[in-house]
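Q: Now for the letters of each chain:
2 protein chains.
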Amino acid sequence: MEIGLDDVDDLCTGAAFLGAGGGGDPHIGGLMVKEQLRAGRRIEILDPDHLGEDSLIIPTAMMGAPTVLLEKIPSGEEPIEALRRVEEALGRKADATMPTEVGGINSTIPLYVGARLGIPVVDADGQGRAFPELQMETFAINGVPGTPMGIADEKGDSACLTTDDHHRMEWVARGITIRFGGTAYFANYPMSGAQVKRASVKHTLTLARAIGGIIRNARGRGGNPFEELERFIATTSYGVARRIYSGKIVDLDRQTKEGFTLGTVTIDPDTGFGPPCRIKFQNENLVAWAGDEPLAVVPDIIAILDAETAVPITNETLRFGQRVVVMAVGVPEIMRSPAALRQFGPAAFGLEEEYTPLSG
Amino acid sequence: MEIGLDDVDDLCTGAAFLGAGGGGDPHIGGLMVKEQLRAGRRIEILDPDHLGEDSLIIPTAMMGAPTVLLEKIPSGEEPIEALRRVEEALGRKADATMPTEVGGINSTIPLYVGARLGIPVVDADGQGRAFPELQMETFAINGVPGTPMGIADEKGDSACLTTDDHHRMEWVARGITIRFGGTAYFANYPMSGAQVKRASVKHTLTLARAIGGIIRNARGRGGNPFEELERFIATTSYGVARRIYSGKIVDLDRQTKEGFTLGTVTIDPDTGFGPPCRIKFQNENLVAWAGDEPLAVVPDIIAILDAETAVPITNETLRFGQRVVVMAVGVPEIMRSPAALRQFGPAAFGLEEEYTPLSG
Chain H
1 MEIGLDDVDD LCTGAAFLGA GGGGDPHIGG LMVKEQLRAG RRIEILDPDH LGEDSLIIPT
61 AMMGAPTVLL EKIPSGEEPI EALRRVEEAL GRKADATMPT EVGGINSTIP LYVGARLGIP
121 VVDADGQGRA FPELQMETFA INGVPGTPMG IADEKGDSAC LTTDDHHRME WVARGITIRF
181 GGTAYFANYP MSGAQVKRAS VKHTLTLARA IGGIIRNARG RGGNPFEELE RFIATTSYGV
241 ARRIYSGKIV DLDRQTKEGF TLGTVTIDPD TGFGPPCRIK FQNENLVAWA GDEPLAVVPD
301 IIAILDAETA VPITNETLRF GQRVVVMAVG VPEIMRSPAA LRQFGPAAFG LEEEYTPLSG
Chain V
1 MEIGLDDVDD LCTGAAFLGA GGGGDPHIGG LMVKEQLRAG RRIEILDPDH LGEDSLIIPT
61 AMMGAPTVLL EKIPSGEEPI EALRRVEEAL GRKADATMPT EVGGINSTIP LYVGARLGIP
121 VVDADGQGRA FPELQMETFA INGVPGTPMG IADEKGDSAC LTTDDHHRME WVARGITIRF
181 GGTAYFANYP MSGAQVKRAS VKHTLTLARA IGGIIRNARG RGGNPFEELE RFIATTSYGV
241 ARRIYSGKIV DLDRQTKEGF TLGTVTIDPD TGFGPPCRIK FQNENLVAWA GDEPLAVVPD
301 IIAILDAETA VPITNETLRF GQRVVVMAVG VPEIMRSPAA LRQFGPAAFG LEEEYTPLSG
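Heads up: the sequence lines are chains H and V, in that order. The numbering of the first sequence is my numbering, which starts it at 1 and goes up by one. The numbering of the second sequence is my numbering, which starts it at 1 and goes up by one.
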């Protein structure tokens, strides 16, 4: 299967939806991919179930603060250089790349890398959504070493990091990212095809494209994109999607700190009565409360959507006065195991909320 | 020439003297070297003028806050791993190692590496003293690229950094060091023998050993080590050494911050009258004032010595009530060029003082 010019916008929209407010601006990545397609390059998408057991797959992505990404546009060489650093460390070329997460720019970076290097992109990722930290990966939970990790910036600087600890990989790479200016591009968790089959959340690129298509089509037909999203997601491994709040943004506390975009957004209800909704984020939305009552919590996806069009709003573009619908989405079973919840459940973010999977 | 067990203490003492208060605790490095010698390993010292033009020399050292080094003892594998990362990046084994600076632990790390790997150590360095930042090297001034740079910690984590900018190498490596816990071990500025001959401050290991010997012997004989140091240094490329103050430490502001040991020490005069002496340091002593009048400034060496024994006191072991003599020492000509002063003169540290070379 190939990704064509007509697919890119849908894929970006769907990736921003699954990205839970994070993952970085989807338009920048979309433009990078379109430029490659217009130059005649091709992007082949591979079903993970069809991977050769011994193939080498090197995921590629961007890390840092999405607020910084808006002002520090990539040159395009960074993810290529990051991947090359891993290839050099392994003494072997990648047979394919893939996303580390679904979300904004991080669904498109691997497409760009695939186009540039002429290698296919695997239709799977390691988060089934976006999470803010590198170790929050189904790859990690399933025993895949995180390093050698390549990391590069737009000035041509790069590093190849080695550690046997997933959290220290995140800690040191985040330090490098801060010193690189707040964003960086990386390649890590190099895997065999056998490992991808066992350790990834599958078919998330095509899922993102489908979600983007629903949002675009419902708008064109004057349909209700929220209802259509809920119906469609109920048929997928994510199981359930549900509107949990709608209203107007009345307060926004957003800082760029420690290499992340951190903050809380407050939404007053459409109805004019009842408690306001607060959503706390570390790049991605972590928890939504109505008053003191949790409405949804990680790892479930909390997406803030434009109230008219259902187009997802990433956290760096939230602003006062926006009318929004908040939608929560369940996650696939591989992301709800005890090991998974230790890696990216509420406690991993210092939240006191219990995780109760979203119900329909 | 070989370094034997009897040489190590003198070398450590002299390195601490030339280290201008920085360079890290000399005893830790001395113990590491003695352990190697007692295990039967040998340390061969090579005159830089006898190096083969095409030999590969990879300098090795420790970086970070000397205050942290006291509590975070090296495992010994760190500098070996750092050097290996550079060898891997270059696809070639080192023919020798050498110090990046003279000072405390950083004169002994290359001796340890040489003993462990069975390679000689070049009798030269890139600072002729110790400086706090990586780009403050005669190597840099003379066109030697700083990277590939290997950097490693005691947990087995490591990185190999590539950049074409000396200051960004420092900036990113310092960030990694902070995330590694405040100290790290590194290998950088890989050089040919031809480059070492052109770009280094020569014979500084043997100079450190000679200085340490003078301090030890004068003590034994009841001589005046300060006078003997001044007389001896006048015969070297450093040209001049002079006592600039003596008194008692009455105030000490010392913080571990941004990966450095930063602060100011204040000394009241022996004589009981006249202005106190303040010495400002960033790992190393940068400037000494009597009242508002500068007595000495970087790149000249400012050493704080025990008033009885002339044993140098490194800044992490300064304490209230110590009776000290402050000695200033000139630097060789290669360190006083306009390019050298841009790299490590007063302005490079944000100081407003003009550099006037110390006179006798």
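Among these hints, one or two may not hold up.
Any copy will do: because identical chains look the same in the list, a pair fits if it lies in one copy or spans two.
Result set (DSBU-like, lysine-lysine): computed pairs, CA atoms no more than 35 Å apart in a straight line [unchecked claim]: (1) K257 / K155; (2) K280 / K93; (3) K248 / K93; (4) K257 / K280; (5) K72 / K257; (6) K155 / K248; (7) K72 / K155; (8) K155 / K93.
What the hints contain is simulated information worked out from the structure, not anything from laboratory work. Predicted model only: the values in this text are computed from it and were never measured.
Q: Among the hints numbered above, which are violated by the structure, and what are their numbers in rising order?
A: 2, 3, 6
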